[in-house]
Amino acid sequence: MNTIQLPTDFLHWIIALLPIGVLLLLLVGFRWKGIEAGPTGVLVAGLTGILFFRTPLQTLAVAGGKGLWDAVFILYVVWSALLLYLVTVRAGAFEALRQGFLGFSKNELFLVLAIGWVFSSFFQGIAGFGAPIAVTAPLLIGIGVRPVYAVAIPLIAHAWAKMFGTLGVGWLAMANVVEITDPTRTTVETAILLWLVNLLGGLVVAWFYGRMPAVRHGLPMILIISAIHGGLQLALMYFNPILSTFIAGTVALAALYPLARWRRYAEPVPDIPTRPAMTDRQDEDRPAGAKETDQAAGDNGMSLGLAFLPYILLTVLAIMALAIQPINAALSSFEVGLPFPATQTGYGLDRETAAPYSPFAPLTHPGTFVLIAALVSLAVYRWKGCAEADPDNQESLWKNLVRDSVPSSIAIASFLVMSKLMDHSGQTTVLAQGLASVATPTVFAFAANWIGILGAFMTSSSTASNILFSPLQAQAASALDGLSQSAVLAGQGAGGATGNVIAPANIVLGSSTARIAGQEGDILRKVLAWTIITAVLTGIATIILNLF
Amino acid sequence: MRKSTILDIVFLLLLAALPLISIGATSGPEILWQLGFGLLIIGLLVPPALRLRNAPAQPGDEPDVGEEPS
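Chains as they are written, first to last, in my numbering: chain A, 1 to 548; chain B, 1 to 70.
It cannot be assumed that every hint is accurate.
As the list claims (entries may be wrong) - Here's a subset of chain B near chain A, in silico, CB distances under 10 Å, partners left out:
| id | residue |
| --- | --- |
| 1 | Met1 |
| 2 | Ser4 |
| 3 | Leu7 |
| 4 | Asp8 |
| 5 | Phe11 |
| 6 | Ile23 |
| 7 | Trp33 |
| 8 | Gln34 |
| 9 | Gly36 |
| 10 | Phe37 |
| 11 | Leu40 |
| 12 | Ile41 |
| 13 | Arg51 |
What the hints assert, rightly or not - Just so you have them, the derived chain B footprint on chain A, three or more residues with Cβ under 8 Å:
| id | stretch |
| --- | --- |
| 14 | 59 to 68 |
| 15 | 330 to 343 |
| 16 | 413 to 427 |
Source of the hints: derived by calculation from the structure; they are not laboratory data.
Since the model is a prediction, treat every value here as computed from it, not as a measurement.
The C-beta atom is built at its ideal place from N, Cα and C for all residues, glycine as well.
Chain A with its partners taken away, still in its complex shape:
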């Protein structure tokens, strides 16, 4: 067995940081699109791997192949969600949805919180892979939210649900790679940190809507929903962590009905002078599709039930396939995957043979539910004669789908290839070990969630972040006296959830479904400050947890 001798000196740490630095600089500093910055990041990661981390070409090739395979999981959601979007927009369903939401409550802030925070969190409870963003961003645009905010809001607001959402997959992954000494304490401490992430998420959604006046107006609702999301999830850690987010998300969704009956949230929002996240109906800052919808809809006679059909189908399918255990077991037994051989670098870093690597279970994947919802809705809309509400739109639905999906697909694939190149060449490990090697117990407790954020940023997945870095966190806990394993694993879990907000692949997924491809840098700028503030507060909370 080879001994791993990765160089963790400062120079190699800086070089390992270079691909991420270049990516961020191009996206945020030079406003390059994801499709241009992502591949450039891959090329930088490949070159630094070869030149400074002794990575053979075959290792890079295998890493690239695995990255492409990882992209399949996200692209399946992107293509299905874009199809669903095109089906509903062409049928003019978004105007009917908007009218339906306004019938539920005339309070815009309530609707933004309900769709962007409560519904996206509920959906994350059962389905992940970016589906909550892909589904809710177009709905937010439909009620008048500016597209960049329509992506930023669900990105931030459902992050808390990443760890125990999708039926606890993030937690199960962590428990699979680390021998957890006190599972109950670890889940409880994780839930405490995630409650903080949840509360900060609700507050920032109101802040986006109308700054401090909106926060004051929305505060009672935010506190009630956060008590349900965070408090109920925390209580459920003693009984069933796997279902905790799903149950908390469902109860919060049910709580919207009495909240909408409360006069405060039934009537229009008073006295909010500026509403940065909202656009007037005539405003040009809306994606082409939304404007087409307005023109197409209105007198096409679509009922509210018909407009909601895809979303009702989607929810029913996801609950049936994922939450009902016998059905889930039967459907998840069908898996497909590609094999990849073992790899190693000149520094002795091994990656084992995978046959198959990360198998794909299409029948329980959220992309399938979205696809079925889109196809059934298309059939029903055609049967009802309202599938093409805009007679001027002659472009074929499928041609439109390919044209809209390909650029974001290339961007997403490139981010995941870059992630795998950095992982297989040892650059990601060097970054994490560099942080760990200079830390005291208190500093490491603070840094634990930053490491989780790094993993999620690199892989666009909190689960992958947990798999990648939980062993490192556990090793640090056993090596450093006075560092609690449960506290650092909680920091890892919360950081993995928070890091999804700035993960490039998630941002591109959102921008493509909101039809604002190329504005990834603008979205990143909106969410970056929240991510940093949340990470600092979570770090401080982790230090406090480590003291007890």
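Got chain A; can you put chain B on it based on the hints?
Positioned in the frame of chain A, the structure of chain B alone reads:
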């Protein structure tokens, strides 16, 4: 050639690279993974190259989805 057509070809190159790398690296022959890796690199070189070639954007270029023409 239109930018959207070029990107469609890039996407196909990436799709083709995946099985070639998997099969070639797992059971050989080696030329398969080398070909797949080559397709991956070429595919990923194209979008930044288009960016550099088209700066500033040429008239007639199609904007990406949802993007307003600059």
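To see whether the hints hold, each was checked on the structure:
1. Met1: violated (14 Å)
2. Ser4: holds (6 Å)
3. Leu7: holds (5 Å)
4. Asp8: B/Asp8 check passes; min Cβ-Cβ to chain A is 6 Å, inside 10 Å.
5. Phe11: holds (5 Å)
6. Ile23: OK, holds: B/Ile23 within 10 Å of chain A, min 8 Å.
7. Trp33: Because about 5 Å separates B/Trp33 from the closest Cβ in chain A, which is inside the 10 Å limit, the hint holds.
8. Gln34: At about 8 Å, which falls below the 10 Å cut-off, the nearest Cβ of chain A leaves the hint on B/Gln34 intact, so it holds.
9. Gly36: holds (7 Å)
10. Phe37: holds (4 Å)
11. Leu40: holds (5 Å)
12. Ile41: holds (8 Å)
13. Arg51: Cβ of B/Arg51 sits 4 Å from chain A, so the hint holds.
14. 59 to 68: holds (count 6)
15. 330 to 343: Holds, because 4 residues of the stretch 330 to 343 of chain A bring their Cβ atoms closer than 8 Å to Cβ atoms of chain B.
16. 413 to 427: Satisfied; 3 residues make the cut.
Checked against the numbered hints given earlier, the structure breaks only hint 1 and satisfies all the rest.
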